[in-house]
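Number of protein chains: 2
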Amino acid sequence: MKVDRFLNHQIDPLFMDEIGREFARRFRDDRVTKVLTAESSGIAPAVMTGLHLGVPVVIARKKKSVTMTDELYTEKVFSFTKKSEYELSVSKKFLSADDRVLIIDDFLANGQAAGALVKITGKSGASLAGIGIVIEKSFQEGGNLLRKQGFRVESLAKIESLAGGVIHFADTKREVYAR
Amino acid sequence: MKVDRFLNHQIDPLFMDEIGREFARRFRDDRVTKVLTAESSGIAPAVMTGLHLGVPVVIARKKKSVTMTDELYTEKVFSFTKKSEYELSVSKKFLSADDRVLIIDDFLANGQAAGALVKITGKSGASLAGIGIVIEKSFQEGGNLLRKQGFRVESLAKIESLAGGVIHFADTKREVYAR
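Chains as they are written, first to last, in full-length UniProt numbering: chain A, 1 to 179; chain B, 1 to 179.
What the hints contain is simulated information worked out from the structure, not anything from laboratory work. A hint or two may mislead.
It does not matter which identical chain is used: a pair holds within one copy or between any two.
[Said to hold, decoys possible] 30 Å max Cα-Cα, derived BS3-like pairs, lysine-lysine: (1) 92 x 82; (2) 63 x 92; (3) 2 x 148; (4) 148 x 76; (5) 82 x 158.
Model the full structure from these sequences, guided by the hints.
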């Protein structure tokens, strides 16, 4: 499934603005203080969500850069797409026990990246308002694993199957979340 | 100089929105059809600029991913911050001779990344409206090299010196561009 025309390689900013508006609407009453995402394809939906909620966006980085020498929260992630392991890191100064975090990402499949962001949130002592996903591949295990742990996962589109080259969407209106 | 509190590691989306609005204002009459940036710290200002101009944003990627098999425009970049070379790639389907490109990036120092984006634009046959930079370190050579080539470079903040640990800003209102 290729989404590079509007979601990651090329971005439609007006569509991304609507995505941010919708996430903000769903978590409006949840006292979110920080949006957390992972570079780089989560940045656009996360920044638009932060814009509509009026809160800062923290971007977990894939590599420790030379200029990032603070103490870090770090978690390993295995990427099935890229077939390699990497680390996500967040400076300790940007997440604390006073924060309430909304995790935003473009895709949820195996839940590796979202799971790492959940662990980073836990390590910081912050509470987790939930996880907002643009496209969930619900035929993969990530979403269910996160919901079974009691996390609120809000996916704007859920794809049940790619069988025969056809995208089958779930009826998201009838979805029931484990909270 | 650390800007990770508002510009890259943690982002202030409302400030980023203002940055996008200002770039859009400066290039409003320039018939821009695409904003072009490099992952990952250019994404937020580029998406906000695209939002205010109402045009798509193309993100040059640092690695060829497994799912990106199209023909690519590719340029090498040497990062002085990370002390390593990497490649920036853009799928050929997102830039063509019909496009007029506005390059947006967070920083301009040696001009390595911006220079690669200029070359990618040239390879595609698109015309270049200009280059919008959030923070230019004008004591480094990148900005002058680009202006000497005749490109319009618009920097929202220009830092002339970091001597003695003090940030000295240029008076950007008195700037004269080579067009």
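Do the hints match the structure? See the list:
{"no.": "1", "hint": "92 x 82", "result": "both (28 Å within a copy, 21 Å between copies)"}
{"no.": "2", "hint": "63 x 92", "result": "both (15 Å within a copy, 28 Å between copies)"}
{"no.": "3", "hint": "2 x 148", "result": "within (29 Å within a copy, 40 Å between copies)"}
{"no.": "4", "hint": "148 x 76", "result": "within (21 Å within a copy, 45 Å between copies)"}
{"no.": "5", "hint": "82 x 158", "result": "within (22 Å within a copy, 38 Å between copies)"}
The structure is consistent with each of the numbered hints, conforming to all of them.
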